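**Q** Chain by chain, the residues run as shown.
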Amino acid sequence: MPRSNAWLRRALVFGTTFALVLAACGGSTTPSPTTTVTQGPGDTPAPTEEVDHSGGTIYMLTAAEEFDDIDPQRAYTGEDLAFFGATIMRSLTSFIYDPDAGVANTLQGDLATDTGTASPDATSWSFTLRDGLTWEDGSELTCEDVKYGVSRTFANDVIVNGPTYAVQYLDIPSNPITDENDPKSGFLSAYYGPYDGTGQADFDKAVSCDGKTITFKLNQPVADFNYTVTLGFSPVPDPTGHPDLEDTVEQYTLRPWSNGPYKIDEYTQGNGGHLILVRNDAWDPASDPIRKAYPDVWQVDFGIDAKVMDQRLIASEGDDAFAIQYGSIQPENLSTIFTDPETPNADFAGRATSDFDPFARYYWIDTNKVSNEKHRQAMAVALDRDAIRANLGGDYAGALGDGVIKPNLGDQYAETGMWTDLFGQAVPDTGDPEFAKQLIADSGEPMPALTWDYPQTAVRDQEAAILVASFGLAGITVTPNPIPPGQYYGIVFDDEAAHEFGWAGWGPDWPNASTVIGPLFTDKGGWNLSRVHDEDFVQGVQDALAELNHAAQAKMWQDLNKLAMERVYVIPTTFGLSQTFGGTKVQPLYQWAPYGSWPYAEMYVTP
Amino acid sequence: MINVEEREGSAEPSPERPFLSIENLFVSFNTEDGVVRAIDGVSLSLERGRTLAVVGESGSGKSVTAQAIMGLVRSMGGHVSGEIWLDGQELNGLQPEEVQALRGSEMAMIFQDPMSSLHPFYRVGDQIVEAILAHRKIGKAAARKETLEMLKHVGIPAAERRIDAYPHQLSGGMRQRVMIGMALINSPQLLIADEPTTALDVTVQAQILELISTLKEEFGTTVILITHDLGIVADVADDVAVMYGGRLVEVGQTSTIYEAPEMPYTLGLLSSIPRMDRELPKRLDPIRGNPPSPINLPPGCVFQPRCNYSDRVANGACLSVRPELLPTAPGHLVRCHLPAEERQQISADVRRILAGAQR
Amino acid sequence: MVGRSLRQIVWARLRRDRIAMICLIILILYYLIGIVGPVVGPALGLDPYAFDRKAISNTGGQPVLPNGGISADHPFGVEWGTGRDILSQLLWGLRISLVVATTATLLTVTVGVVIGIVAGYLGGWVDLVIGRFMDLVLAFPFILIVLALSNVLTDRITDLGVPKGNPSRIVYLIVVISAFGWPYLARIVRGQVISLREREFVEAAVAMGSSRRRILFTEILPNLWAPIIVYTTLLLPAYVGFEAALSFLGVGVIPPDTTFGAMLANSVNYFTKVPVYLFIPGSILAILVVAFNLLGDALRDALDPRVTR
Amino acid sequence: MAGYIVRRTLGMVVLLVLLTLAVFVLFSLMPADPARLTCGKACSPQIIENNRHRLELDIPPVEQYQRFVSGIFFGRTYLADTKRPLECEAPCLGYSFLRNQEVLDLITKAAPVTFWLAIGGFVTWMTVGLVFGIVAALKRGRWQDRTVMGIALVGYSLPSFFIGLVLYFFVILFLHLLPNPQWKAGMPFKDLGGFVQTMLLPWITIATLNAAFYMRLTRNQVLEVFGEDYVRTARAKGLKERTVVVKHALRAGLTPIVTAAGLDLAYLLGGAIITENIFNLPGLGSLAIGSVIASDLPLISGITLIAATLIIVANLVVDLLYAVVDPRVRVG
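Residue numbers (the working numbering), protein chains in the order written: chain A, 1 to 607; chain B, 1 to 359; chain C, 1 to 309; chain D, 1 to 332.
Bear in mind the hints are in silico, worked out from the structure with no lab data behind them.
Being a predicted model, the structure only gives us computed values, none of them experimental.
Please note that a few of the clues may not be correct.
To be verified - Covered stretches of chain B (chain D as the covering partner; in silico rule of three or more C-beta atoms under 8 angstroms from a C-beta of chain D):
(1) 38–45
(2) 91–105
(3) 129–135
Positions of the beta carbon are idealized from the N, C-alpha and C atoms, including for glycine.
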């Protein structure tokens, strides 16, 4: 999932610091099994003590002006997926709520009774819906609704931004129209989605409903498809089944219909705006073993300056006592709230978390604009990663990264040796200007002048300064190009607008490197900021995806990760910790591993 | 400042005192550049019903003298000392309110620029009415009627319409007529006209002066006419007082000043009167240079730096000794070091040259 | 002749005004520092770009020493997170702020005066057109426009051959600030010209049949420069603050360079932690602006003969 | 007078037409391609084409402008040729495809906040400015004058964003004297107390600079008119000093300030942008910033149009007022 644009969005307005949350650190989390643990409804961990936590309002303070997307098929931002998944958008399967990353990364049935059944060759998956599933108007949530929801992903002319695994995996022919001048050629497959309707038959073949059981036919074996359905496969009321629950297409992202314990009461975007969720009376707890639904109301307050947010939560007065941070602590406040990167101060014990999140942070390098591999290596070598880490909070920012696969992906992670021997000699954390100069010399051509795109925040302005200085030592000239955070991805994905390299963050959509290597380095993946068009590499990814033996697959991901680093498709910066905190009267406050988010489904307010 | 005894002493009007008499008047302003002695010991008196012309270049202190009489100097932040007797009443010692009561009723003033002197926001009629109501308890209607009469009187055509006009809608001459009307509306004893014609076209100037003198006859007003232009004085004024550098330098009856001026400065003023019928001869140039800065006046005779004849005075007295204002003939006072005969000689020569130029 | 003597009087008055003199000296100092600082700075070991890892903590990135790391090497402390020298940043930042404010002021004044005179003196439809145009310019919520157009116009400026990055951005700032600033001065000048046009001496000159240009330059201009100078002294500090506001909104110079505005905006992050960050640039800016304003007042008093103390 | 009103009103209409044109031209050269921005990550040139069509960027600019203007008067329909046309009733300032709402709705929702912010600020700075300015002028050179001018200088010398931030951090976050500003729908009529608590600091922030400016302006104006000839005339008439000051001096002296005030309304949205962002008020300023950051062209131009129109109208009103007070203007 892309790092939330929303979190970055307000940065320009306030030009203030904004700490990034990064991927987890060397082996410090228990490896998460990607093998499916089938889990019954009962097995979810119950709250420790049996008091009733119901009631109250939990406030979420965010610097964002609005949510990127609330539409089930568009939402793709980690924190958003976690929040809406826990409140209004149930998915076929979802993750367990537990402070322990290993447990939390385990799958369980949600709308589905279990985590699904695969055909032996894993090219067909089926899920059976629970009883008593309803929409907020009380009408029944049917298999058709799930199917309709999935179908919307194919209408990529209007349903944008969301995950596209449905298009990638479902067994539907690719779009016959290839003539670039024909707008229709813009559709990702032969099925143009429910609004256009073209290719509906193909879709119906691929996704079929039999009573409460929905079956997906895939174009390739996908061992962990039941993880895939955790995002982008959530149901939307099928117009034929629910005439009064209209799919308003564009506007649907403002007011999606709920099938969870809450529903949208008010949504005002912008500074001073709110999203207010109130109880959805139609929701039947019996149909939902996962969501505790303690508070009566969730209120998200938009456009709150990050530094103000910190101060308010530190004070934790009035309603702020019931508030949680939708973002992360500013570096300058870390030492106030924590004694060291593991332990909060006494005053903040139990309400501040410093933990690993799923996100890798790196600089993508456009391999077309900087085509010379030696040049890219020189860039990697010249960078003073130590200074950058210090700027992000030093130890609080975690350790330095050596790839895009993080240790908390368990056996799929292996050291790439990027900083030890990958380029022929060890590279110090502070960078090695001389070595960089030598690499440039070896390249046989002069180093091009570079421009670094980044979503502007005060901290990243300082990062830019470090970048300029450390590259300067190696004789590489860099011009920083700050971009309003809200526009950042829109611009850097535009081949004309994007420059040589830039900032980015990425986390796996589920604990499998297939959701890292694929998206980042192949066009099909959709997050290919490095503009890698390498047939062999694509083939490698294909092979890895097709590999059903987990161990073998893991090894293949390791190698691809290493290859990518050797060619310096990206410069990994830090495998980081992320720190965030809440008011004195919200519990439980821990970082939920799957999305590096709060455990929304089991949070409550204390008197 | 006047001390108490003198004020008491001046309480009962002394019969022999003329209608207006100024006794060694001093006016000074504190500016960032130092103390400006605008008026330095002026004394003069004026009989009721006569017209005195105070002549001098700008900065000679003539306007300040007028404003001192009107009691306007204090509101401008100036310091006044000396005595001003108007109709047996000493003004300088009065409380601001008392002077205010006299202003516009006992004594009135006409200013140089009628445009800027009339308030741009109010109708001219209302501005005159305001002047009436400031001093007399009569109804608005009556006041307006009176105003209309006055406007007609000062020769404003279609007064019924003009009474509701705004200043900017009137011509310069009209405005000045309005000013005069406003000044005379409470039939004051003393009328001070400060350069009443300077801002007006030459054609209008004559009319305004004409108007002033006729009205003067009518109302029996005493007039002080302040001007820099000796030319307009002849037909209007009975007496002339020439000022220079905050002092009187020559005082006398109009005829005297014209026929037998003795102060070189007065001669200069006379010869610089523009006339249609003559070229100014090369041989005599009117006053050269600029008036002295009131902050640091030259020692000795204030006029000396510009005087053509100071070298004729023995042992350079002009440079060191301040000359006194001394009588040279009955009712004719002159402030000059030159011996009387010498002065009359020079005066005669100059007037011959002027007369010659006339032919 | 008149001009010189007036200038002498003004200068005499200014010299007698102690406050004005102090302000003048302060301002001269600011400009000297702005010009000389970055030149001699490196010789004194000042470098706004060099980051000093030793000066900042490894846990949290805060300066190791108290008060923002004030020390012998860093008299004003170091930047949180990078350890860059604040003093150096101020020196370099001051230069940029001054360049922007001063150039923008000059540009504004030139445009404003010329257009104001044209409108006021020619009058008629020219005045009408210019007047409406000024209304239009003034009607725009300029901060919004400045933000909205910053990227595209900066690129345009770069296309025009101005070096990429900060040079272009600085030019943009100057242009855009002046573009919205001139109408105010133009209005003032226009008013002055119109009132002057009515004055006797101009009428006289016209009567004497002197040419328009002559009247403009000999009669009107000399009487304009007093209000212009005063306005300028008020405009400059306003622009310093305005530039600060813009960089607070993110339309400023880009790293590694910085300005007062950027430093002020960031300093507020550390309000509770390192008040020094806020205090130093804040007071430096305040002094600058106050000095300008006081000098402006003094000048106005000195130029206005009517005013006496 | 009537002629004057007609003339100025016509002038205003012309101005408004020019305005729509200026706004359109200004933003048709905006950097980020809006079609690209709403495209998402899995983007292809074709999708951009589709979006360009949705946003009606695929028609010639002249026609775009026509639709833009006619939309304002007669409303317009987006995507008329698709299955899901979007109706936008008149006055239609456009449709924000990023927020999926009509621009006008967004603006009307935000307007009250800015309105109350502006009114409060305006009243604050005018009263403070005029009162203190007059006092300073009448007490020229005395301690009252010095104090007032001193205050004015301080207010003058710091950028408003700085004052605002410091106020917020110090008064609210540090001393906890006021609760966090939070605008609720229905303010101020609902929850007047909360309204005042929320707006107090914003008002101060937005008023400080102008208050300082108006203190000085007023002071100088008043001193100016005291030197005028007609004030001397008023004295010569023998009017009471009070009458002279109030009726003759002040009325003339303060009139130009009214005009200046009208002009400064122009700056208000600018000030509001900063203030609203600092205090997190959901007003036009915040909306504007948001629209800029997202380069939501329809929204930006909508806001600009509204803001500019308000200012132009305000200017007209002020000029007419001025004409009522100062007869000289009517002819000019």
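**Q** Taking the hints in turn, state whether each one holds.
**A** Okay, the hints, checked on the actual structure:
1. 38–45: The restraint on the segment 38–45 of chain B is violated, since only 0 of its residues have a Cβ under 8 angstroms from chain D and three are required.
2. 91–105: With 7 residues in contact (Cβ-Cβ under 8 angstroms with chain D), the coverage given for the segment 91–105 of chain B holds.
3. 129–135: With 4 residues in contact (Cβ-Cβ under 8 angstroms with chain D), the coverage given for the segment 129–135 of chain B holds.
This entry does not satisfy hint 1, going by the numbered hints stated previously; all others are met.
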